[in-house]
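Protein chains: 2
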Amino acid sequence: MTQLDSAPATQQAVRPGRKRDHTRDPEIMTAAMDVLAEVGYERMTVDMVAARAKAGKATLYRRWPSKADLVLDAVSCMGAAKAGVLPDTGSLRGDLVALLSPRTVHDADHKLKVMLGLASVIAHSPELAESIREAFLEPRAAVTRALLQRAKERGEIAPDCDVELLSTVSSSMVISRAMLEHRPVDRAFLLSVIDGVIIPAAGTGPAR
Amino acid sequence: MTQLDSAPATQQAVRPGRKRDHTRDPEIMTAAMDVLAEVGYERMTVDMVAARAKAGKATLYRRWPSKADLVLDAVSCMGAAKAGVLPDTGSLRGDLVALLSPRTVHDADHKLKVMLGLASVIAHSPELAESIREAFLEPRAAVTRALLQRAKERGEIAPDCDVELLSTVSSSMVISRAMLEHRPVDRAFLLSVIDGVIIPAAGTGPAR
Numbered sequence: 013m014t015q016l017d018s019a020p021a022t023q024q025a026v027r028p029g030r031k032r033d034h035t036r037d038p039e040i041m042t043a044a045m046d047v048l049a050e051v052g053y054e055r056m057t058v059d060m061v062a063a064r065a066k067a068g069k070a071t072l073y074r075r076w077p078s079k080a081d082l083v084l085d086a087v088s089c090m091g092a093a094k095a096g097v098l099p100d101t102g103s104l105r106g107d108l109v110a111l112l113s114p115r116t117v118h119d120a121d122h123k124l125k126v127m128l129g130l131a132s133v134i135a136h137s138p139e140l141a142e143s144i145r146e147a148f149l150e151p152r153a154a155v156t157r158a159l160l161q162r163a164k165e166r167g168e169i170a171p172d173c174d175v176e177l178l179s180t181v182s183s184s185m186v187i188s189r190a191m192l193e194h195r196p197v198d199r200a201f202l203l204s205v206i207d208g209v210i211i212p213a214a215g216t217g218p219a220r
Numbered sequence: 013m014t015q016l017d018s019a020p021a022t023q024q025a026v027r028p029g030r031k032r033d034h035t036r037d038p039e040i041m042t043a044a045m046d047v048l049a050e051v052g053y054e055r056m057t058v059d060m061v062a063a064r065a066k067a068g069k070a071t072l073y074r075r076w077p078s079k080a081d082l083v084l085d086a087v088s089c090m091g092a093a094k095a096g097v098l099p100d101t102g103s104l105r106g107d108l109v110a111l112l113s114p115r116t117v118h119d120a121d122h123k124l125k126v127m128l129g130l131a132s133v134i135a136h137s138p139e140l141a142e143s144i145r146e147a148f149l150e151p152r153a154a155v156t157r158a159l160l161q162r163a164k165e166r167g168e169i170a171p172d173c174d175v176e177l178l179s180t181v182s183s184s185m186v187i188s189r190a191m192l193e194h195r196p197v198d199r200a201f202l203l204s205v206i207d208g209v210i211i212p213a214a215g216t217g218p219a220r
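Just so you know, the protein sequences line up as chains A and B, in that order. For the first sequence, our numbering gives the first residue as 13, with consecutive numbering after it. For the second sequence, our numbering gives the first residue as 13, with consecutive numbering after it.
Just so you know, these hints were derived from the structure itself, not from any lab. The reader is advised that the hints may include incorrect statements.
Any copy will do: because identical chains look the same in the list, a pair fits if it lies in one copy or spans two.
25 Å max Cα-Cα, derived SDA-like pairs, lysine to any residue [said to hold, decoys possible]: (1) Lys79 with Glu193; (2) Lys164 with Pro99; (3) Lys164 with Leu202; (4) Lys69 with Val58; (5) Lys79 with Glu39; (6) Lys79 with Val51; (7) Lys69 with Ser103; (8) Lys79 with His136; (9) Lys125 with Leu140; (10) Lys79 with Val117; (11) Lys164 with Ile211; (12) Lys164 with Asp174; (13) Lys125 with Arg145; (14) Lys125 with Ala141.
Can you build the whole structure from these sequences, using the hints too?
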């Protein structure tokens, strides 16, 4: 990422003591994600994001010298949000299905559109790929991992179940479906992954 | 795809009766895939492919007016190859492992590099995405589907196993790993998908 501290130096010299205003950041980050999801990285401009966020262009350029900087920051912020409480329905299937609220499915679809908008740059930027992985895939994988681990500990699933690998199945299938099949990633598809892959692959534990 | 028949009309008028030479096509298609895997779609040029295939530039431009035409044809050709005999080791795991010959793993890795080279255009071209799916993913999914179906018929796996969905798991996990994790898709990883996901998810049949 470009060094951000050097560019605005003159600005700060002109107005000594003036702090950079970060209060509009959440709106700007959200606007950046929305523009990315709608038009993709190539056609996206910092001006579009400023217009969407109803923020001054100068404010954006001062803080993010390039489109790449803005996108990298926006992706990272998206990952920093949430975590939340783990569902605890008493069964692994119940827990996994509880994750599929309309809100979550909608959020996941939005993230997916952002990812598709970034497809052209992911291949050339390992740094961006890593940010995307951390922001979009890892939080969800961490939740699935925790649910699988808990189910293993209470003896509901197979003791040799590969928790690490299984926790990545759902996002992999979602990405592949969206990128290469251009088919919708809806609740029905997500349920089929739970019932057709994850639950049977997790096996049944010795305690049953 | 651009209409190919109109462009070479003058050539044919000058040398009546001369047929277009297709004997070098396999080398040209292979060269196109190699260049794509090495430098990616943006940096690839038709000239690079001509040089790699030791073919005349004019030959290539006559047949493929644009880089997009050449790539679409090369991807389709890649899919037309093979199919081959299904392995028949007597067990589903044996069959799936039999698919992981060094040659197959090497071929899959090359295809993956081609796909990564095309990542920037996949998002904007449903036609190319579909060609890639048909050429790279569908043949392998078809083999896995046939092996799962056969195992189901002989009662080795669960009668309600979702064959269709399970046959897409491996390629999805490969794509996601390569694109977003930039980690190697080697034999060890492919084996872990067989043993950690596909085999346990397929379950055990009533005949056992």
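Verification of the hints:
{"no.": "1", "hint": "Lys79 with Glu193", "result": "between (29 Å within a copy, 23 Å between copies)"}
{"no.": "2", "hint": "Lys164 with Pro99", "result": "within (16 Å within a copy, 35 Å between copies)"}
{"no.": "3", "hint": "Lys164 with Leu202", "result": "both (22 Å within a copy, 24 Å between copies)"}
{"no.": "4", "hint": "Lys69 with Val58", "result": "within (8 Å within a copy, 40 Å between copies)"}
{"no.": "5", "hint": "Lys79 with Glu39", "result": "within (16 Å within a copy, 40 Å between copies)"}
{"no.": "6", "hint": "Lys79 with Val51", "result": "both (14 Å within a copy, 24 Å between copies)"}
{"no.": "7", "hint": "Lys69 with Ser103", "result": "neither (51 Å within a copy, 63 Å between copies)"}
{"no.": "8", "hint": "Lys79 with His136", "result": "both (15 Å within a copy, 20 Å between copies)"}
{"no.": "9", "hint": "Lys125 with Leu140", "result": "both (16 Å within a copy, 18 Å between copies)"}
{"no.": "10", "hint": "Lys79 with Val117", "result": "neither (28 Å within a copy, 38 Å between copies)"}
{"no.": "11", "hint": "Lys164 with Ile211", "result": "both (12 Å within a copy, 18 Å between copies)"}
{"no.": "12", "hint": "Lys164 with Asp174", "result": "both (10 Å within a copy, 24 Å between copies)"}
{"no.": "13", "hint": "Lys125 with Arg145", "result": "both (14 Å within a copy, 19 Å between copies)"}
{"no.": "14", "hint": "Lys125 with Ala141", "result": "both (15 Å within a copy, 16 Å between copies)"}
Checked against the numbered hints given earlier, this structure breaks hints 7 and 10; the rest are met.
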